[in-house]
Amino acid sequence: MDNDRVDQIIDKHQGEASSLIQVLLEIQTENHWLPKEALERVSEKLQVPLARIQHIATFYKAFSLVPKGRHEIHICVGTACHVRGATRVLDTVQDLTGIKPGETDLDLKFSLETVNCLGCCALGPVMEIDGKTHGKIAPGETADVLKSFE
Amino acid sequence: MPRINSPSELEKLRQGILSDRDPEKPCITLCSGSACHATGSGDVAASIEAEIEKQGLSAELDLRKTGCHGFCERGPIIVNHPEESCYFQIKPEDAPEIVSQAVKEKGIVERLLYTDPNTDEKIINESEIPFYKNQERLVFGSNGSIDPKSIDDYLAIGGYSALEKALSQMTPEQVLEEVKKSNLRGRGGGGFPAGRKWEESRNAPGDIKYVIVNADEGDPGAYMDRSLLEGNPHSVLEGLMIGAYAIGSHEGYIYVRQEYPLAVKNLAIALTQAEEYGFLGKNILGSDFNFNIIVHKGAGAFVCGESSALMTALEGRAGEPRPKYIHTAVKGVWDNPSVLNNVETWANVPLIINKGADWFTKIGTEKSKGTKIFSLVGKITNTGLVEVPMGMTLRDIIYEIGGGIPGGKKFKAVQTGGPSGGCIPENLLDLEVGFDELSKAGSMMGSGGMIVMDEDICMVDVARYFIDFLTDESCGKCVPCREGLRQMLKVLTNITEGKGNEGDIELLEELSEVAKEASLCALGTSAPNPFLSTVRYFRDEYEAHIKEKRCPALSCKELIAYHIDPDKCQACMICARKCPADAVDGGKKKIHIINQEKCTKCGTCFEVCPSRFSAVQKISGESVPPPIAEEKRIITRKSKEK
Amino acid sequence: MSDILVRIDGKEVEASEGMTVLEAAQSAGISIPTLCHHEKLEPFGGCRLCIVEVQVGDWMKRVVSCVYLVEKNLVVRTRSEMIDKIRKMILELQLAHAPDSPELLDLAKEYGADKDRFDKEASFCIHCGLCVRYCDEVKKKNAVGFVDRGIRKEISFIPEIAAKECWDCKECFPLCPTEALQAAFVLTKSLISPPPSREPTSEE
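Heads up: the protein sequence lines correspond to chains A, B and C, in order. Quick note: the first sequence, position 133, residue 133 per this note's numbering, numbers continuous. Count along the second sequence from 1, add 150, and you get the number used in this note's numbering. Count along the third sequence from 1, add 792, and you get the number used in this note's numbering.
To be clear, the hints were calculated from the coordinates, so they are not data collected in a lab. Treat each hint with caution, since some may be false.
[Said to hold, decoys possible] Under the rule of at most 25 angstroms between Cα atoms (straight-line distance), these lysine to any residue pairs were calculated in the SDA-like manner:
hint, chain 1, residue 1, chain 2, residue 2
1, B, K748, A, F63
2, C, K945, A, F63
3, B, K590, C, K931
4, C, K864, B, K748
5, C, K864, B, K707
6, B, K256, B, P173
7, B, K748, A, I99
8, B, K474, C, D850
9, A, K45, C, D911
10, A, K136, B, A731
11, A, K100, C, R854
12, A, K100, B, C749
13, B, K481, C, R944
14, A, K147, B, G190
15, B, K707, B, I769
16, B, K474, C, K931
17, C, K932, B, E550
18, C, K945, A, A17
19, C, K931, C, V859
20, A, K136, B, G192
21, A, K68, A, D105
22, B, K666, C, K932
23, A, K100, B, D618
24, C, K877, B, E349
25, A, K36, C, R944
26, B, K699, C, D911
27, B, K481, C, D911
28, A, K36, C, K981
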């Protein structure tokens, strides 16, 4: 993401230091990750120490300091999904993709994350890929779902 | 849309809207909340719209996409007005029938009606369905009848009349008194009397005061606030405006999880509309009250649901809680008096102002007034959001409304209060929901998450699950929480893996005590609750794990093995084909054997083995029987002999 | 500044408004153990070691004395069975990270804490935050900060800033009760090249 775009986002939030998290969220949503150069630009323009930005970028789960895969897999591990067997779904997906939550595979195809409650508890266990929700998913069904992605 | 500048202009507008609407005109309301959306209500909406067009009924029939109706297990849901007939689990291909019947008097599509599981009778009206019948949906009810993106819909049901009354007929002190009199207590988990908090802020020194909506609903399994924000955002805004007026605040914040995109979107639309109509900005409804609202999205941290952490996050910093020796009502955001309340708490305020504190206090119990919305989830037949008066028993909620445990399984415990709460066993199901009852049993009502657990759930794993959650979500600042939970997780994980030792329970109790007494914030002080309540009521499970290396619920992966009973296996090949680890050895006439080295314990074989065979067993605490001899594995399938 | 009379461990102490219980105790020569406290820094309230029992009227509660402000008629107890129990556990938990820390070992002796109670942890940082806060509040350079949260929380230098600022400073080093800070710095040093004009000093 180039500096001009970062500047635009910062100006949209009136260049206020308190809007730091909102600025980072916008960059993350648009760019799918937070490159170091973008963080340095934000630090400079908002006059916020880079150490604080670093803390925020690692404290909050929405942010990623590394590029994400083309397809983001979210598996809900909230309590309702947990009691309906989400752990088994997660384990199976980990085996199939070869990555653990928080990781991206080497082809930059899949990123895997756990989420704590998407609020679709009636559909538990829930796996969400690219915004599409797969409800009542059984471990044995995940392979077919993942196969459909390039 | 010209700005509304006085109460009379508002009434004129409202009458105008109502007179334009014919209450007898057929209207299909379709639940379009996030969960129903995930089950395809978007496609259903598209097909109904197309069908209305196709049948030339655009002038006679309306489709309204509403927020969550609450009966999430059976979504997508349709309620036909004015008949109040209710259809469930709608698919796009049902559209033609639904549309044709909607314009006929008393027309119904029988196959889409609810069937009473006890009597097999079909029930037509929403209000007679057991799930809805026993609820009292004062706050949540409107979700099913308004389009959240339409402020006119909200006005048509009386929206913003409470704000009108407060600004034109009451002083801020009178509004405050009414809320105090109602005894409204926070619905986010703390249960602190809202009126008292408001008063503290009102009386605190300073000209800048903030009102904040805590929409960082983080308890896993709880989604009441999300559905309220998605389905009726104006009710929350109206409550916030009234609160701001009472306290003397001119700036409000809504801290909402970014994981709730539909809620964020509908809030933004509602705010734009409120501004346009003049409910926000300067001189609202012609009074001298000015008020603006800013939305701040959360970035994924459970701890930010804690009020001081939330305020720290609003300031643009990492959400670490602060000591609250001085209440945030006095020193909050940037050290200014700040009133923070939960979404549901704010949504109750317009009702209290409109109908009066006296009305409100007649609902509920002596110490817990009003209703509470719960998310009834887990091992329950009727998963969904339910709103009941305080004082209803857990038993009634789970059985009368929830329809009990599915699959013929036995109830084991209900977990309330999220990671700060605990598990309540069967013999305490007659406890009443409210702020104080459940705490005596070692749990708490919390924000409303109610997770039902059956005999297949391991209570030691439940404790481990919550501690695991908290080790990730803890801000990490203080030792009793960060280090205490670190050690607790290790011990609990060991226990679930068969590596527990004598003395583990005592160590966990000691760590719990220190966390409870010395943690910086409520996340830490309440973190031990899931462990403490499960060891209180299910100590035998802990002891089985530690002493016998056995999981009584047959759940902990390291302590169970899947085994195919050679006497029951009919070599149907289903499990062999479905096994994701290729761990089933067998053939069409060869009894299947699970290769224990390859087995990942995913449980697929157990799920797919036809129930008439039920050949797959789970074993714990004993060794897997050795495989039978090769010759003995050849069989002829019994069904072929019939 | 009005004088506030408080009672600490039975002793009457004169304190002024705005003072913390810790400051009041220290002024009267009553010792309360601390780890994350430093006179030049804003109170942190993270280690919880300075926890004390306070009584206002009939109400007893446990608070961290480095943050809690004195009030009229406050009665403070700096030791009790529960206080000692809490301090012992805090020390044992910290010693799992830094079993060789002289500060921790001294306190461990006083409270009977067993440095081997818990298995040793990989990270020796005990998160007192002294380095981060000193660099932020006193030096205003922010060369080192926290990363992540929960049990994964760590301290981390920003290599570019450290390269510029830390060589001639290192004022945070003596503040660290463990070796963690020095270890983090050495790690960072291996990632950045020193300025060309410098000769390595005897300690490097």
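> What hint numbers does the structure not satisfy?
Replying inline: As far as the earlier hints go, 1, 3, 4, 5, 9, 11, 13, 16, 17, 22, 24, 27 are violated by this structure, in ascending order.
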